[in-house]
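Put together the whole structure using the sequences plus the hints.
Okay, here's what each chain looks like letter by letter:
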Amino acid sequence: MFKKLIILVALAACSASAQQPILRLATTTSTYESGLLDRILPPFERSHDLKVHVISVGTGKAMKIAENGDVDVVLVHAREAEDKFVREGFGVNRKDVMHNDFVILGPKPDPAGIAGMKDVSHALKRIAENKAFFISRGDDSGTHKKEISLWAKAGIAPAGDWYLESGQGMSATLRMADEKNGYVLVDRATYLSFKKELRLQALVEGDDLLFNPYGIIAVNPELHKHVKKDLATALIEWMTSAECQRLIASYKKEGVQLFYPDIVRVEQEQ
Amino acid sequence: MLYSLKDIECRVGKFLLTIDSCELDQGETYSVVGPNGSGKSTFLNVLAFLLTPRSGELVFRGDEVNYTEDLISVRREVGYAMQNPYLFTMSVEDNIGYGLSVRGVATREIKRRVGEMMERMSLSHLAGRRHVELSVGESQRVALARTLVLDAKVILLDEPTASVDASNVETVERTVLELCKERSATLVISTHLADQAQRMSPNTISVVDGHVNR
Amino acid sequence: MDYLGDGLAGAVRIIVSGDADFLSIVSVSLLVSLTSTCLATLTGVPLGIAVAQHRFKGRGFILMILNTLMSLPTVVVGLMLYSFLSRRGPLGEMGLLYTRSAIVIGQWVLAFPIIAGLTAAAVKGLDSRIRQTALSLGADAHQASWVFLREARYGVFAAVVAGFGRVFAEVGVSMMLGGNIRAYTRTITTAIALETSKGEFAMGIALGLVLLAVALVVNIVFWTLRGRTE
Chain V
31 MFKKLIILVA
41 LAACSASAQQ
51 PILRLATTTS
61 TYESGLLDRI
71 LPPFERSHDL
81 KVHVISVGTG
91 KAMKIAENGD
101 VDVVLVHARE
111 AEDKFVREGF
121 GVNRKDVMHN
131 DFVILGPKPD
141 PAGIAGMKDV
151 SHALKRIAEN
161 KAFFISRGDD
171 SGTHKKEISL
181 WAKAGIAPAG
191 DWYLESGQGM
201 SATLRMADEK
211 NGYVLVDRAT
221 YLSFKKELRL
231 QALVEGDDLL
241 FNPYGIIAVN
251 PELHKHVKKD
261 LATALIEWMT
271 SAECQRLIAS
281 YKKEGVQLFY
291 PDIVRVEQEQ
Chain S
2 MLYSLKDIEC
12 RVGKFLLTID
22 SCELDQGETY
32 SVVGPNGSGK
42 STFLNVLAFL
52 LTPRSGELVF
62 RGDEVNYTED
72 LISVRREVGY
82 AMQNPYLFTM
92 SVEDNIGYGL
102 SVRGVATREI
112 KRRVGEMMER
122 MSLSHLAGRR
132 HVELSVGESQ
142 RVALARTLVL
152 DAKVILLDEP
162 TASVDASNVE
172 TVERTVLELC
182 KERSATLVIS
192 THLADQAQRM
202 SPNTISVVDG
212 HVNR
Chain F
6 MDYLGDGLAG
16 AVRIIVSGDA
26 DFLSIVSVSL
36 LVSLTSTCLA
46 TLTGVPLGIA
56 VAQHRFKGRG
66 FILMILNTLM
76 SLPTVVVGLM
86 LYSFLSRRGP
96 LGEMGLLYTR
106 SAIVIGQWVL
116 AFPIIAGLTA
126 AAVKGLDSRI
136 RQTALSLGAD
146 AHQASWVFLR
156 EARYGVFAAV
166 VAGFGRVFAE
176 VGVSMMLGGN
186 IRAYTRTITT
196 AIALETSKGE
206 FAMGIALGLV
216 LLAVALVVNI
226 VFWTLRGRTE
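For the record, the sequence lines run as chains V, S and F. The first sequence runs 31 to 300 under our numbering. The second sequence runs 2 to 215 under our numbering. The third sequence runs 6 to 235 under our numbering.
The hints are simulated quantities; they were obtained by calculation from the structure and are not laboratory data. Some clues are possibly wrong.
[As the list claims (entries may be wrong)] Result set (PhoX-like, lysine-lysine): computed pairs, CA atoms no more than 25 Å apart in a straight line: (1) Lys-258(V) with Lys-114(V); (2) Lys-62(F) with Lys-15(S); (3) Lys-125(V) with Lys-138(V); (4) Lys-258(V) with Lys-94(V); (5) Lys-15(S) with Lys-129(F); (6) Lys-112(S) with Lys-154(S).
It should be emphasised that the depicted structure is a prediction, and the values quoted were computed from it without experimental measurement.
Structural data, given as structure tokens:
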């Protein structure tokens, strides 16, 4: 009875939509909110006559959704978690797509005095010692995973009144840090996208530890029979194609490049 | 003979109404008298075919009423104005026309007859009003008009002037009697007022403690 | 002050120019909310009437459940349905998560108890003489039921409006089950959540104005109808 009703409801709601094939991509907020996907997905949608439904969440959530088989493919940034995801058989065909880096932003008065530091661990220690506000994503996103690993490397277990977990997306967390005059770890793409609206400034950047690679992974069709394996493969091929990689390289905000393609760079270096 | 009731027992909740024997003739008028709570309304509900007796026999126009069947056709021969009437959330005219419209009478005909009846009952000034704008007395007169407009051969009125202003009681009584005479209709009117019973009919049926005596 | 002023001015521009994203969001919202409200009406009104009019075993239990569900936070409904609709869940093979249907189902779960519960309350509050009066005036059983429903109409309509109001303004179910996919499952409320976090206040305000306007229109329609026919 319940099931019949659900089918009825489903039919009622579906009847209106045109029947183009749909590929579901779960991705991190940074690729979506920066506007990059709006640049690189439409050509793919046109050439394959399909619709990509983008579900923009944190990396952790994206991989969880993929684990459950509720999407076909994920684009995320958390290398260790990605490897584990593939190792445990949830994903296949993982490919590097692009990278950029993380930046630590802080208020102009810089109460912890970290401006210009090259060593992230050192900078984090100073923030903790000074008990300056630090706003963490706290949402198991790629940025959050990165932040936790940075604290671990610095040998600090962040806790206390000064350490705030927003539990929200990158842009909301940036906004919170801006309002509270706190420090925050952010991927460069999101930072540049919102730079104009922020009073916060980039204080620490350039450390190798701040490297931020993005990877794309297809959901394992062995595990979830319904996933659109061919379309997912096509998307992965597109993302790693020279054409798409050039689009990524050319995507700029305020004249600054947000993401650096992995494949094109390799080609250039060879 | 219009009604013939024999050995009827009718139960409403804990209340029990019994009728040993009672006959009503076509074209006559009857007053049902008795104190409040004695069972007058229950008796009228039986006559209106709205209650099903537990036992006994009710003959209407020579046919025994079969309560297992749909009684809509006999119910429609009766015009019944219940005590403490309910007016629907409609205009006064639509309320008065309701019984005609469920009988499938044409809209134009309904309008004509409703207008006529409102005039006779001195209700014309209420045209276009909504039921919530009426006083209790006006409501009762509208409910009465709603029943009288039906042109039924049997008219059952339960305490029809209980909330009507003293100044209007006479008009109501006169109109009811006139109408019954014109249509040679049978009138059964319940009242707790002895003088009203006298004015309306020499035939009295008394109801005492749930027992009907003709 | 400029901050707010700019947002408002931008919002007006978006509405006046008929921005494509804006229109798509509003139409998705209306589509899913109206669909779910219709379904909840078709199911909730009969249940409400049945519960109010008939005494049967389990009636008190149903009323209790309805009242509990009425105040259920939308995110709880979202979470429960998420676990049902996910591929890992019992209804997973239908692939409904992150579709409009999923939102409609979730919103149906939200609106149904409200519509059923308020209908039950409205019908119970009706005068017990209605049916008897209709019968005494020569109505048959169907006509009596019809006039009974007619007397209940404001209560039922108010129940439907309340149900629509809840689903149109809810964000939990739409976000969790719909996934906020652009031009597909992005509703007014999920878009506002997104736009605010992105700092796009103009779009957020424009959509907020639509929410406000719809609430106003619904109320005006309701009171006008009520005033005309009471």
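request  = Go through the numbered hints given earlier and state which of them the structure violates, listing their numbers in rising order.
outcome  = Number 3 - this is the single hint that the structure violates.
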